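Each chain is listed here by its residues.
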Amino acid sequence: MQIQGKAGQRPTDVYFFATCVIDQFFPGAGMDAITLLEREGIRVHFPQEQTCCGQPAFTSGFPDEARKVAAHQLTLFPENWPVVVPSGSCGGMMKHHYPTLFAADPARKAQAEALSSRIYEFTDFLVNVLGWQPEDKGSNCTVVLHTSCSARREMGVHLTGRQLLGGLNKVTVAQQDHESECCGFGGTFSIKQPEISGAMVEDKVKSLKATGAERVVSADCGCLMNILGHAAWKDEQEGRKTPSLPGEHIASFLLRRTAK
Amino acid sequence: MSARDRILAKLNAAPVLPKAAPDVAAWYAAHRSAESTAEKVARFRGCIEFAHAEVYAVTQASWPQKLWEVLAAKQLEKLLVAPGTAHGQRAITVLSESGIHCRAYEQSIEDWKEEMFHDIPASLTAARGAIAETGTLVLWPDSHEPRLMSLVPPVHIVLLDAKTIYNTFYEVMTAENWGGGLPTNALLVSGPSKTADIQVTLAYGAHGPKELIVLLVGDEA
Amino acid sequence: MSEHALNFMPSEGFRARAKDVVENPFLRQSFRGAMDFLINKRITQFPSAEELETLRTLGEQIRQYNLGKLPALLVQLEENLTRNGIKVHWAETPDEANAIILGICQKHSAKLMVKGKSMVSEEIELNHACEAVGIEAMESDMGEYIVQLAGEKPSHIIMPAIHKTKEEIAKLFHEKVEGVDYTDNVDELIQIGRKVLREKFLVADIGLSGVNFAVAESGTLCLVENEGNGRLSTTAPPVHIAITGIEKIVEKLDHVPPLLSLLTRSATGQNISTYFNMISGPRKADEKDGPTEVHLVLLDNGRTQAYADEQLRKTLQCIRCGACMNHCPVYTRIGGHAYGTTYPGPIGKIISPHMLGLEATKTMATASSLCGACGEVCPVRIPIPDLLMRLREESFSEPHANPTMRGQGAGYSRLITMIWQAWATVYRSPTLYRTYSWLASRFNWLTPANQGPWTSVRTPLKPAPKRLRDLLKDKS
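Respectively, the protein sequence lines represent chains A, C and H. For the first sequence, the numbering used here begins at 1 and goes up steadily by one. For the second sequence, the numbering used here begins at 1001 and goes up steadily by one. For the third sequence, the numbering used here begins at 2001 and goes up steadily by one.
Don't read these hints as lab results, they were simulated from the structure. None of these values were measured; they are calculated from a predicted model. Note that beta-carbon positions come from the ideal geometry of N, C-alpha and C, so glycine has one too. Hints may be right or wrong, so weigh each one.
Below, a sample of chain H positions facing chain C; criterion: calculated Cβ distance under 7 Å [stated by the list, open to error]:
id : residue
1  : Glu2051
2  : Leu2052
3  : Glu2092
4  : Asp2095
5  : Lys2166
6  : Leu2189
7  : Ser2218
8  : Asn2226
9  : Gly2228
10 : Asn2229
11 : Leu2232
12 : Asp2254
13 : Thr2304
14 : Glu2398
15 : Pro2399
My request is simple: use the sequences and hints to build the entire structure.
Here it is, written out as structure tokens:
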């Protein structure tokens, strides 16, 4: 799928689909991802009309509603540029579920398939399209990486985040137990089954903290919302004033480490 | 309409597109290579020993002696044999001289079920063949060596000819055309009976034989 | 958890049952440990990713090919089994299946039935049916025996007693088995079970078993097991009754080796099970043992409903290895009983609605984060997450005429549907979205401190004061 990624075919322009979670809750992560791409000499286009990929309705069993929202996004990327998505989860929705979502609508299905081939998860884009090699300007630190289930199992990009962090020579990447296990977010799952979701995020935060890493990074803000939300809640419960598990989007971490 | 007709009618009403037949042969051709007898023996042995079977390399001439040694070492004084087979006859001849009682499986099980369940410590049967990949014995019970012979006695001793070891289950069933007809009961046995049903802790001798002993008959040394 | 275990409306009380386990650190740890063990065992069986993936593809092809010909294969199986002397029965419902089995038992004036492991017999609640007419149905798989002795149900399809510790089993044996002293030595416990059950095999009138694969071309019933109880159940008693779902059928014998290999490696991480038992007929005139009668009961129980739909049909590809539950973070947290259905875990969530209807099972499909671990390990590539989303849709959509599934619309709520419709209206319109998100970023009352279930273990979600689109505007 890396049409633009072959040697010498570095794209000059990309679209940026921020995701509604980043737009509303983690705008800094979006800014950092854009800054990083621009620093590499790429023109980043942010279609102002973008809203949400439609995944919340899709996974909740409301495909008609998801289709309406997804159909709107289909129209936003007319040029044949890569579409960079700073989330494996929303990227997976656009890349893998759009074509089946519009299976009964030939015109939109063709659009969805064309778009699908241009969707790149952010870390995948950095590694496999840009061949980006970060140069570490920071001091020694240890982080732990959480990869979303969609990035891992739908997009198959669970290695690129690790590869990027591995290229930072003063950063140690700690290994948590049960790394590939879900953090328990799962969209509406977290509110429909709060006991189970709560148990999952509790275990996830425990294993992340047990590594002793000073922060968690992830390429998915949905997971971060869940993981950091639980860690902060636990801090409140136990009267800690400073966060016991700070975290951020991998774009923010990479940008800071490589700032000139 | 019977339940049968209703079920079939519902299935037949479903809009099902036929799918291409799977190419099982191609997968095995690509993933399993042919091996020499020696290689197959080594793999068979490694696997079945890993599953807690005991294996002894013997020859056509020496196996009765090894059989006696095994029984003696385990202090087994009685052995269930099939008198209608050549190896059964040979066991009877050799063992009767050494004080081991050979019980012949001659009547229907109904006539001696109690004794079979309570008073037979060991049995001897032959294997039809084996599978190297998984360390598996192929048993085809018949009128001489009935089904329970390899199941109820706590110690099961099996004679296996090294030349009859196949590479895979797929290979043995296709080479021997099992699809064309099977006996009333065909068995693959890959070790003594076991279970991990209590706290995933492995324990042997759950319901079938507690010990499985293979006398692996190879060429004369 | 036992007080909730026997619940016939699985959706009711699911959250309460799940909560019981989640709040029990001891159970949490013991499920986690057992699942980790099984996950690691499986991994050692698949050292080559290429082999694993091509074998899974082959397994999927075999299952889809055979499902594609299912009605014809059932007829072929029936013909060949009949020719081999095995009597074939058909049952649409659990009641019909029980009536057939009890009829055979009564014809033989049976008092004792020994059972090899059969999830289908759990599905039809055969033990209750036997009890009602005074026939003792005795489980002989060690895990099933333990669970039956405790008056419980299996909590895992492969490891029925995985929720119990050896100390609990020691206590159970000491209390329930005559003349047994307390011992928590696993070998000794197994030998106690062996001794008790051997006497049952000796005198049982009927042996009951499940079926792992039924081979149409040769008329053969295949059983996979480690203990030997399956062989004893199908060999020692004078009558053997096998029961299977109609989907467990393959046309060719050579379809069996790949499926067997996938099954044992995925289930318990064994390259093969101790026994693979292939039954093609009752005792012949010159044979000295084996049952003189063999019966097969083919059960529908909702399978034809799944079969009727292209996507839902994939549910029937399942070979019951249990790998999906071993790898499921939800199953790992709550164990098998919380589901309240015969089949727990991911496979339970997608098969049970066909057996019990969506009314009774509507909650199950929501109990998934759609993490995809189940689909990733499924040896026959059942797209479990996609099926869960489909079941959510079937459940939440407004009830309509000619539904694909029994109980379609059982989870329908006018309010929830309106919320999603409103959501779609906002998110499909850039103007409305911009207005809404702008308001949310500026007015705190739109995001209260108490956000219901979310804030039970998390801090509240707070929109950033400036959205990404605002920051971009500021920048330019």
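Structure-based check of all given hints:
no., hint, in the structure
1, Glu2051, "6 Å, holds"
2, Leu2052, "11 Å, violated"
3, Glu2092, "5 Å, holds"
4, Asp2095, "11 Å, violated"
5, Lys2166, "5 Å, holds"
6, Leu2189, "6 Å, holds"
7, Ser2218, "5 Å, holds"
8, Asn2226, "5 Å, holds"
9, Gly2228, "3 Å, holds"
10, Asn2229, "4 Å, holds"
11, Leu2232, "6 Å, holds"
12, Asp2254, "5 Å, holds"
13, Thr2304, "4 Å, holds"
14, Glu2398, "25 Å, violated"
15, Pro2399, "22 Å, violated"
When the structure is compared with the earlier hints, violations turn up for hints 2, 4, 14, 15 and for no others.
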